[in-house]
Amino acid sequence: MKRQILILAMLCLAALAAYGQAKKPKLMVVPSDNWCQQHGFMQTFDNQGITENIPDYQAALLKDADLNNVISKINILMADKGFPLTDLQQTLKSIRNLSAEDALIQSKSTGASLAESPLDRLRRTAKCDIILELSWQVSTIGPKKTITYNLRGLDAYTNKQVAGAQGTGAPSFSAELSTLLEEAVQNNMDNFCAQLMTHFQDLETNGREVTLDIKVFDDGSGIDLESEYGDLELAEIIDNWMTDNTVNHRFNKTDATENYILYEQVRIPLYKNNGNAQDTQDFARNLRNYLKQPPYNIPSKLINRGLGRCLLVIGQK
Amino acid sequence: MNKLHLLLLSLVAAFCCSAATPAHADDLPEKYDILSAGSGTQGTYLVKVYVYSRTGKVADTDLKYAAVHGVLFRGFSGTQGNPSQRPLCGSPAVEEQKADFFNGFFGKEKTYLQYAAVVPASYERVKMSKKGYKVGAIVQVEKDALRKDLEQAGVIRGLNSFF
Numbered sequence: 001m002k003r004q005i006l007i008l009a010m011l012c013l014a015a016l017a018a019y020g021q022a023k024k025p026k027l028m029v030v031p032s033d034n035w036c037q038q039h040g041f042m043q044t045f046d047n048q049g050i051t052e053n054i055p056d057y058q059a060a061l062l063k064d065a066d067l068n069n070v071i072s073k074i075n076i077l078m079a080d081k082g083f084p085l086t087d088l089q090q091t092l093k094s095i096r097n098l099s100a101e102d103a104l105i106q107s108k109s110t111g112a113s114l115a116e117s118p119l120d121r122l123r124r125t126a127k128c129d130i131i132l133e134l135s136w137q138v139s140t141i142g143p144k145k146t147i148t149y150n151l152r153g154l155d156a157y158t159n160k161q162v163a164g165a166q167g168t169g170a171p172s173f174s175a176e177l178s179t180l181l182e183e184a185v186q187n188n189m190d191n192f193c194a195q196l197m198t199h200f201q202d203l204e205t206n207g208r209e210v211t212l213d214i215k216v217f218d219d220g221s222g223i224d225l226e227s228e229y230g231d232l233e234l235a236e237i238i239d240n241w242m243t244d245n246t247v248n249h250r251f252n253k254t255d256a257t258e259n260y261i262l263y264e265q266v267r268i269p270l271y272k273n274n275g276n277a278q279d280t281q282d283f284a285r286n287l288r289n290y291l292k293q294p295p296y297n298i299p300s301k302l303i304n305r306g307l308g309r310c311l312l313v314i315g316q317k
Numbered sequence: 001m002n003k004l005h006l007l008l009l010s011l012v013a014a015f016c017c018s019a020a021t022p023a024h025a026d027d028l029p030e031k032y033d034i035l036s037a038g039s040g041t042q043g044t045y046l047v048k049v050y051v052y053s054r055t056g057k058v059a060d061t062d063l064k065y066a067a068v069h070g071v072l073f074r075g076f077s078g079t080q081g082n083p084s085q086r087p088l089c090g091s092p093a094v095e096e097q098k099a100d101f102f103n104g105f106f107g108k109e110k111t112y113l114q115y116a117a118v119v120p121a122s123y124e125r126v127k128m129s130k131k132g133y134k135v136g137a138i139v140q141v142e143k144d145a146l147r148k149d150l151e152q153a154g155v156i157r158g159l160n161s162f163f
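Chains as they are written, first to last, in this note's numbering: chain A, 1 to 317; chain B, 1 to 163.
It should be emphasised that the hints constitute simulated quantities derived from the structure, not laboratory data. Beta carbons are placed, not taken as given, at the ideal position from N, Cα and C, and that holds for glycine. Please note: incorrect hints may appear among the correct ones.
[Stated by the list, open to error] Stretch by stretch, here's where chain B covers chain A in the computed footprint (C-beta under 8 Å, at least three residues):
hint	segment
1	22-34
2	79-86
3	161-173
4	199-213
5	306-314
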């Protein structure tokens, strides 16, 4: 009997611990495109006649010791504040290793390999919810060196800058670049974290700000966002659902046609009705379930694009 | 005549009382200035504080109080190359909201003393026209330890507390 009570108490504690824990955003430090360009860490490729540049993080991390030091320092300071960051180098390494492993996995009975769509392959990149974009510039005036340091916290889904620290350090005659960089990180991190804190407080009060894309499959079924159900078009039905299910009815319908709707600045509750944490996929799943029910009976496919963005394709799975 | 005696007696008594208890013993300085004094080592702030005094005598405890109080509730402005910092508690209102904690922290327990150290040979005394003096020193504040202890006490929230 005592044992049963003990197990019950432990289960209750576990449930309490799980309750009220909002989904933690993933933060990662990456060098800015501008920094990569200046230091020669850009890959150039021809995209159907248009020359495009993309940053080569792999090369930057391998060849630039200062970049490694700065990322490491930021990681240490954030871990010290109880908020460890996802490491870019380790993430890139892990993606490579997992891709190699996945390619070798086979079924014992039939020899079948893992199912992977082109979309799966495309999405196998380093992802995070808040990008800490880092850059610095060394200025030399006579014998004096100064560092201009810039760290921006960018919400990957709303494209908003949610935190930032920028400034020029004290000029120095003798200090090494690595010392000046370390000093710059240390001097600016608290203000950066204070702004990040304000962002988290805003999430807690007004809900998580996310983006929801609605699109339509071109399957010849005749269902699009102008299809009528009673007196209302499908787009209006979705608008009404959004009004009823967002925090303080806050969302912005940025663009809409008969084939797609883009909802931005959608404020979704951090928690579901049962108290568990909620992300955009959970929120969009509710909309999918609503459309699946009579009188609409519309099947739809849900594609997750991270903690803060989701695509719902109407028409079929 | 009696009234004059009474007035004189009360003046003497008031003077004796004020001379017997030094300003820093029970009264914490109300007026002080705080600004950045450079980059501290990791986990610390280096601040320059000035405490105003009529006599020009300011105890280390007052300088430490000004440094810790400033870091917590005022933040401080930057100097060349050293950025300004926001208050650790977010706003001065927290001092009143969490009065139970801070009465002990700055009062009898004097917990604040363990987070600050005056840098030796950094003292400075400036004569203010007729209003007295302002006494300054560089103080090192253990801001990481301070923040962690305040988080544990539930006075401020950590980044992790939202998730």
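Against the structure, the hints come out as follows:
Counting residues of the segment 22-34 of chain A whose beta carbon lies closer than 8 Å to any beta carbon of chain B gives 4, which reaches the threshold of three, so the coverage claim holds. Given a C-beta distance limit of less than 8 Å, the hint that chain B covers the segment 79-86 of chain A holds, as 4 residues qualify and 3 suffice. Judged by the Cβ-Cβ criterion of 8 Å, the segment 161-173 of chain A is covered by chain B as claimed, because 6 of its residues qualify and three suffice. Here the segment 199-213 of chain A counts 4 residues with a CB under 8 Å from a CB of chain B, which clears the bar of 3, and the coverage holds.
Closer than 8 Å: that is the beta-carbon criterion, and the segment 306-314 of chain A has 0 residues meeting it against chain B, so the requirement of 3 is violated.
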